[in-house]
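A.B. asks: Taken in sequence, the protein lines are chains A, B and C.
The working numbering puts the first sequence at residues 1 to 420.
The working numbering puts the second sequence at residues 1001 to 1371.
The working numbering puts the third sequence at residues 2001 to 2199.
Simulated from the structure, these hints should not be mistaken for lab results.
The structure displayed is predicted, hence computed values, not measured ones.
Glycine included, C-beta positions come from ideal geometry on N, C-alpha and C.
Honestly, I wouldn't trust all of these hints.
[Stated by the list, open to error] Here are the simulated DSS-like pairs of lysine-lysine, each with C-alpha atoms no more than 27 angstroms apart in a straight line:
(1) A:Lys53 - C:Lys2195
(2) B:Lys1352 - A:Lys220
(3) B:Lys1153 - C:Lys2195
(4) B:Lys1153 - B:Lys1082
(5) B:Lys1082 - B:Lys1072
(6) A:Lys53 - C:Lys2166
(7) C:Lys2166 - A:Lys77
(8) B:Lys1153 - A:Lys53
(9) B:Lys1153 - B:Lys1072
[As the list claims (entries may be wrong)] Some but not every residue of chain C turned toward chain A, in silico, with C-beta under 7 angstroms:
(10) Leu2054
(11) Val2060
(12) Trp2092
(13) His2111
(14) Ser2143
(15) Trp2146
[Claimed, not checked] Chain B residues, not near chain A, derived (Cβ > 12 angstroms throughout):
(16) Leu1087
(17) Phe1131
(18) Ala1197
(19) Pro1339
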Amino acid sequence: MSERREQGWVREEGADHVAPDFEPDLQGDLHTRHLTINLGPSHPAMHGTVQLKVEVDGETIVRSECNVGYLHRAFEKSCEASTWTQVFPYTDRLNYVSPLLNNIGYALAVEKLLGLSGRLPERAGYLRVILGEISRITDHQTCIAAQLMELGAMTPYFWLMEGREALWDLIEAMVGARMTTSWCRVGGLATDMPEGWDGELRHALDRCLGILDDVDALVKRNRIFIDRTRGIGAMSAAEAINRGWSGPLLRACGVPYDVRRSMPYLVYDRLDFEIPIGGSGDVYDRYLVRMEEMRQSDRIIRQALETLPQGPLCVDDPTVVLVAKSQAHGSIEGLINHFKIIMDGIQVPPGEVYSYTEAANGELGFYLVSSGAGRPWKCRCRPPCFPMVQSLPRMVQGLMIADVVPCFGSINMIGGECDR
Amino acid sequence: MPSWWWLLIEVLVKVVLVLVPLLTVAALLTWDERKQSALMQDRLGPNRANIGPFTLWGLIHPIADTLKLFFKEDIVPDRADKLLHALAPILALAPSLIVYCVIPFGPAVQIPGIGRPIALQVADLDAGLLFIFAISSLAVFGVALAGWASNNKFSLLGALRASAQMFSYEIVLGLAAVGVIVVFGSVRMSELVARQATPLWGGLPSWGILVQPLGFVLFMVAALAELKRSPFDVPEGESEIVAGFWTEYSGMRWGMFYVAEFVEVSVLSGLLVALFFGGYHIPGVDPGWALTGHTVAIPFTSHGLAIAGWGWGLLMMLAFGLKVIVGDVVLQQIRWTFPRFRYDQVMSLGWKMLLPLALLNVLVTGAIVIR
Amino acid sequence: MAKPLLEALQRRFPTEVLQCHDFRGDETAIIRRDRIVEIFTWLRDCPDTDLNLLVDVTAVDYLAEGLSGSPSSVESESRRTSPNQHQPGKPWYQPPAPEPGATARFEVVYHLLSLARGWRLRVKVPLTEQDPLVDSLVPVYQSADWFEREAWDLYGIRFEGHPDLKRILLYEEFIGHPLRKDYPINRRQPLVPMKDPTA
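Take the sequences, apply the hints, and build the full model.
C.D. replies: Written as structure tokens, this is what we have:
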């Protein structure tokens, strides 16, 4: 390339036509020039809105640049103007495919700041685990479905969507919404599960497991799929760590890091599950890791359903949790309590915490700073997919345009989470 | 009236006999594609377009789509080459329609009132198969021009991919057909089909798929690639290069590409049937009966059912149509099953796998035939 | 917790570490900005610390009346809508002075994780309002790249030596750094003129 530039064969940027300043060497290399293509911000493969500017030599990517931010909604600034509780709806819109995991992550962060860690009622802990794992399954289903669809395999996409619908229906039955859940509260939960819900959940999970097997049967040993994904976007464990990866992508590189295991929160330490890891960190391994994680999530949910204890949903602390409606309407103390929490917000002592949970895409961190008031001084969300999207240019370097699709699909970039 | 006048009428009737079902089937295939994929994917598929209370299982959708396409704004990019941009869809559609004129859709048939037997084939060329290759290789012009004239990088990439792919697979396609030519000893389509009616052994007809199984597989794969059907649809790989050479087309020009795609499915299916599935041939039925008529004995009775020559001809035409439609459905099934190749994988599959296999097939076939 | 991390850090860089604390189990070290590349390289490579994953980089603006040099510029909408945010003149938190006599307004916050040991460390670097500049960590941790761009974008912290420090979540024409406390939440930005696509 540089040699060709010296020979005058490579067109300088902005030049309208090539004018070699010497007699063409007919035996030499063909004079070619690189083509810059905008994949995005509006492009079929860029779910969400993200721009990948690629410079290609033929079909091979020479250089690329990733631009995010098209979905920026001032999450942090909005949070600073809201009470601690009012932040929950904003967290729904971070990773909108698994909103419950964001709810849980944020609730845990505020509870940590309040010093409530470990005082959460048993039942709330179990229910958070169950709903969180359902969300993890829906997130992975969406990711794999989209990834396969972009590879041209349309059929498994619809199968996985069918399973996701079944689970979202159950979330709706419990929470009242499919995506905009806002289900957690500081110190507990908003709603308990309706009657017969657990039976339906087991039924839906059976269906989802069947779908997973079907999808595996269709693509796992499909030669085209393997050719398209093996060795594509591979990353060594050391580099992945240096690039700040976490979640399924890091595990696909062979690093067995999962917050649920290495730093158990809620009731994960009482549940039996495995952390699947891959070897080469390529797209195929990521597929396998995600598929296995769904099966493990299924195990977790079934165990949690079996051992689900009875009891209250929220901590018994009227400075944090709203009083019962009957009290709020029936007694002046209850009414004042309700009013203070709604209007002034929960009074959180000054300090700062970083709380982290295992979201579907990796470590979801919330760095909260409180000034001792009812509103966060700072509410920083550490988005899991941010470092992965940052690594996309490195991943596709030297690959072909078509390889951008599986690489990007396997990152599972969620615009709401990445751009906040 | 002079005899050439009659000839013209005969040809025109045959053209109508080919074109009308072909385009109808193409329209129906758009419906079938959606319904069939819906069936595979646990969906309902199209079911909303209606005339009054009738939705006809979504069968009205092709009509609605056509109407919509006709009335859509035809957008031509500012810096596109207007002439080539307009020409490209025609060039893409025409070859696939022309190819069908040499595919026999029925045997020579004796029709009452006409003195001589009528061949159910628009043009029975000596070099039928070669004609098909010649014409189908023209289709690449439509694609390449569409990509070039659109003045769009995605279109250009799509056109590049398409051209490279179509040129590469033409070779395999031709070599795969050489096996059939060697076995049946002709490139005239009517003879190729007629020879497949001769019994092989054990009552089996000598259909192409039985005497040339490897040739069939190679031909089918190469033809899929030639037609840019999934899993070889890299030229229009929507998730990578938006829609490839289709990107800058809208309205009925886009519609022509769309129709061309489905016509091509039927053409491919028709070719496969003609070369490998005995064409119009029905096992146990002699194509000669279409000329002479024949009486079939009804089992367990002493009676026989006398069917005239044109009746047999009609029956065999229907058999051909049925085979083509079954082929269409199978091709759709393939489309909704596989992921897409990558461009370089398509190339290496063509040159490194299929081409040596095709050469081997020619070699082995030749050796057996000479012996 | 015995805080081996903080002790090791203090032993190794006694003059650089300004302050250490442990709140709700989060170990925090506040360091001076001068040698942070060296400090983070050590934190990453030293087997006693082994903090090989930079989880997050962000900044906090601790602007408050009586705290900053320009109290008149404070017109924070968020403060207006939350009267009990804090009492003026009585700061609830004052970042340590980065150098004698200076007042810090910002803190750049780094979160580190050791995958092998499972421990975490928060490192904070106080910066003044006049000179919000700190060395970039991209040579040490590549994950710092976008996080630092985000901190520049939203807080206006400049990272010296960053390969491509430009806005990331907002657009190039955006005026100001919106997560600073003196940026009102309801400020409107001017419309951006249409770019000439042929240029």
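A.B. asks: Please name the hints from earlier in the document that this structure breaks, with their numbers sorted from lowest to highest.
C.D. replies: Failing hint: just 19.
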